Amino acid sequence: MTTTDVLVIGAGPAGSMAALEAVRRNVDVIMLEDHPIVGDPNHCSGLITKKGIDKLNVPYPNSIIDNSISSVSFWSPSNHKFTINRQKKSELLVFQRNNLDRVFASYAELKGVEIRLNSKVTKLIRRNGKISGVRVKEKQNRTYNINSKVVIDAEGSYAKFLPEAGLKPPNSSWRMPAMQYELDNVPDFPREYCELYHGYQWAPGYFAWIIPACQDAVRIGLATWPRFNTSKLLKKFFTKHPIAKKWFKKAIITKKRGGVIAACGPISKTWAKGFLAVGDAAGQVKATTGGGVNIGGYCGRIAGVVAARNITKNMPLENYDRKWKNEFYSELKLMEFIRKTLSGFSDKTLDVLFNSASKSFISKKLQNTKDVDLHGYDLILAAFTPKLIKAGLSTSPDVLINIIKTLSRKNQ
1 MTTTDVLVIG
11 AGPAGSMAAL
21 EAVRRNVDVI
31 MLEDHPIVGD
41 PNHCSGLITK
51 KGIDKLNVPY
61 PNSIIDNSIS
71 SVSFWSPSNH
81 KFTINRQKKS
91 ELLVFQRNNL
101 DRVFASYAEL
111 KGVEIRLNSK
121 VTKLIRRNGK
131 ISGVRVKEKQ
141 NRTYNINSKV
151 VIDAEGSYAK
161 FLPEAGLKPP
171 NSSWRMPAMQ
181 YELDNVPDFP
191 REYCELYHGY
201 QWAPGYFAWI
211 IPACQDAVRI
221 GLATWPRFNT
231 SKLLKKFFTK
241 HPIAKKWFKK
251 AIITKKRGGV
261 IAACGPISKT
271 WAKGFLAVGD
281 AAGQVKATTG
291 GGVNIGGYCG
301 RIAGVVAARN
311 ITKNMPLENY
321 DRKWKNEFYS
331 ELKLMEFIRK
341 TLSGFSDKTL
351 DVLFNSASKS
361 FISKKLQNTK
371 DVDLHGYDLI
381 LAAFTPKLIK
391 AGLSTSPDVL
401 INIIKTLSRK
411 NQ
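Read in my numbering, the sequence shown has 394 at position 394, and its numbers run on one by one without any break.
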């Protein structure tokens, strides 16, 4: 039997940041990863804000950055477009996400975290009403227990251990399956911007994307409702979208990847006795875009600090809940509201709103967003322009009905 102070489930950015901050405060930390290599399989497009990633204070080499983006174009179902040009070329970075995860985990290991690969957690251990460790299964089917004073759950969006801890997991109906192709031989796609495509026939409930990577490579993908087939939808987008397909005439598919986007919003409670939930497992993800590395990583830092101080100074674990919510909860809830509202709009409504946005000052308003990661309030303020309000009213009752539906979905 193994004993440690802090046990972290999952070696993604949130888990690595939690482990790093805990070990910096002189407690023993074990981080478990169920795969043989940290970062594999790769489920992410890798588009991450530089400002946010730099706040995590983990040094990373330029060699794991494939590109930098300054502009984002949004296409409506009927191909109305508006573009946000942030002008700062290096503001959005296209990372090799698997290598970024390895950088984070390696840095945590360098500082003293013990990482165990091929170590799958099968259940939580509860003693006297408190989570006090985990059951682990290794690749060779050897099983053993690890006792710990605090378990930090950074397992990802499926969050299967939260119910064992007595917590409500993220709403599975907003866990969007996603698929991505990595393409070579796409030399004509502009390297300085990415494109997002909306429409029920392409990506019901979410959107498709094209993100330029290194040289003539791009990443294309989409996310959608759980009831749809992502493989069929992406093949259709790749071959038939009237705007996007022109870029792919000579493209070669080099890799296909699947994953899940946690578009459910943050869960209401992220702690129990002996237990903290972080990252995708806690819904600490931007529901609007699916990005979770920066916010999840920062929440992981908070969890690591609180866990260590709980052990060394008796700090209550519920302080984690309060601290991360003070930083991010209202923004994440607002982005959840925006996502659920947009996902409920018909293609007709999206066309009207996109067309109005392209003719209004919304692009300029969003160009001046101070923090791209925390964009919820800026999106709401930008939406309250006369043209967009008029457009929304003109499509009534669709807009009003979906706003009312979203507001009524408490805790969904």
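Keep in mind the hints are simulated off the structure, nothing from the lab. These figures come from a predicted structure and were not determined experimentally. Any given hint might turn out to be false.
As the list claims (entries may be wrong) - Below, simulated DSBU-like cross-link-like pairs (lysine-lysine); rule was C-alpha separation at most 35 Å, straight line:
(1) 273 x 250
(2) 232 x 249
(3) 149 x 232
(4) 323 x 120
(5) 81 x 269
(6) 50 x 120
(7) 137 x 250
(8) 348 x 256
(9) 333 x 120
(10) 130 x 50
(11) 111 x 250
(12) 50 x 246
(13) 246 x 123
(14) 348 x 333
(15) 273 x 255
(16) 160 x 273
(17) 168 x 313
(18) 245 x 235
(19) 111 x 123
(20) 81 x 111
(21) 245 x 255
(22) 137 x 348
(23) 168 x 249
(24) 246 x 269
(25) 149 x 348
(26) 246 x 55
(27) 55 x 249
(28) 256 x 232
(29) 123 x 348
(30) 256 x 168
(31) 273 x 313
(32) 333 x 323
(33) 250 x 120
(34) 123 x 81
(35) 51 x 246
(36) 120 x 245
(37) 235 x 246
Hints and how they fare:
1. 273 x 250: violated (56 Å)
2. 232 x 249: Holds, at about 19 Å.
3. 149 x 232: violated (46 Å)
4. 323 x 120: holds (30 Å)
5. 81 x 269: Violated, at roughly 39 Å.
6. 50 x 120: Cα-Cα ~32 Å, so holds.
7. 137 x 250: Distance ~45 Å between residue 137 and residue 250 Cα, so the pair is violated.
8. 348 x 256: holds (32 Å)
9. 333 x 120: The hint holds at about 32 Å.
10. 130 x 50: Roughly 39 Å separates the two Cα atoms, so the pair is violated.
11. 111 x 250: violated (46 Å)
12. 50 x 246: holds (30 Å)
13. 246 x 123: violated (49 Å)
14. 348 x 333: holds (26 Å)
15. 273 x 255: violated (42 Å)
16. 160 x 273: Distance of about 17 Å is within 35 Å: holds.
17. 168 x 313: Within the cut-off at roughly 28 Å; holds.
18. 245 x 235: Distance ~11 Å between residue 245 and residue 235 Cα, so the pair holds.
19. 111 x 123: Measuring from Cα to Cα gives roughly 28 Å; hence the hint holds.
20. 81 x 111: Distance of about 47 Å is beyond 35 Å: violated.
21. 245 x 255: Satisfied, since the Cα-Cα distance of roughly 18 Å is no more than 35 Å.
22. 137 x 348: Answer violated: residue 137 to residue 348 is near 51 Å, above 35 Å.
23. 168 x 249: Judged against 35 Å, a Cα distance of about 46 Å means the pair is violated.
24. 246 x 269: violated (46 Å)
25. 149 x 348: violated (54 Å)
26. 246 x 55: violated (38 Å)
27. 55 x 249: It is violated: about 40 Å lies between the C-alpha atoms, which goes past 35 Å.
28. 256 x 232: holds (13 Å)
29. 123 x 348: violated (47 Å)
30. 256 x 168: holds (32 Å)
31. 273 x 313: Holds. Residue 273 to residue 313 sits at ~16 Å (cutoff 35 Å).
32. 333 x 323: Holds, because 16 Å separates the two Cα atoms, which is no more than 35 Å.
33. 250 x 120: violated (41 Å)
34. 123 x 81: Violated, at roughly 48 Å.
35. 51 x 246: Cα-Cα ~33 Å, so holds.
36. 120 x 245: violated (41 Å)
37. 235 x 246: holds (14 Å)
Hint violations for this structure: numbers 1, 3, 5, 7, 10, 11, 13, 15, 20, 22, 23, 24, 25, 26, 27, 29, 33, 34, 36, all remaining hints satisfied.
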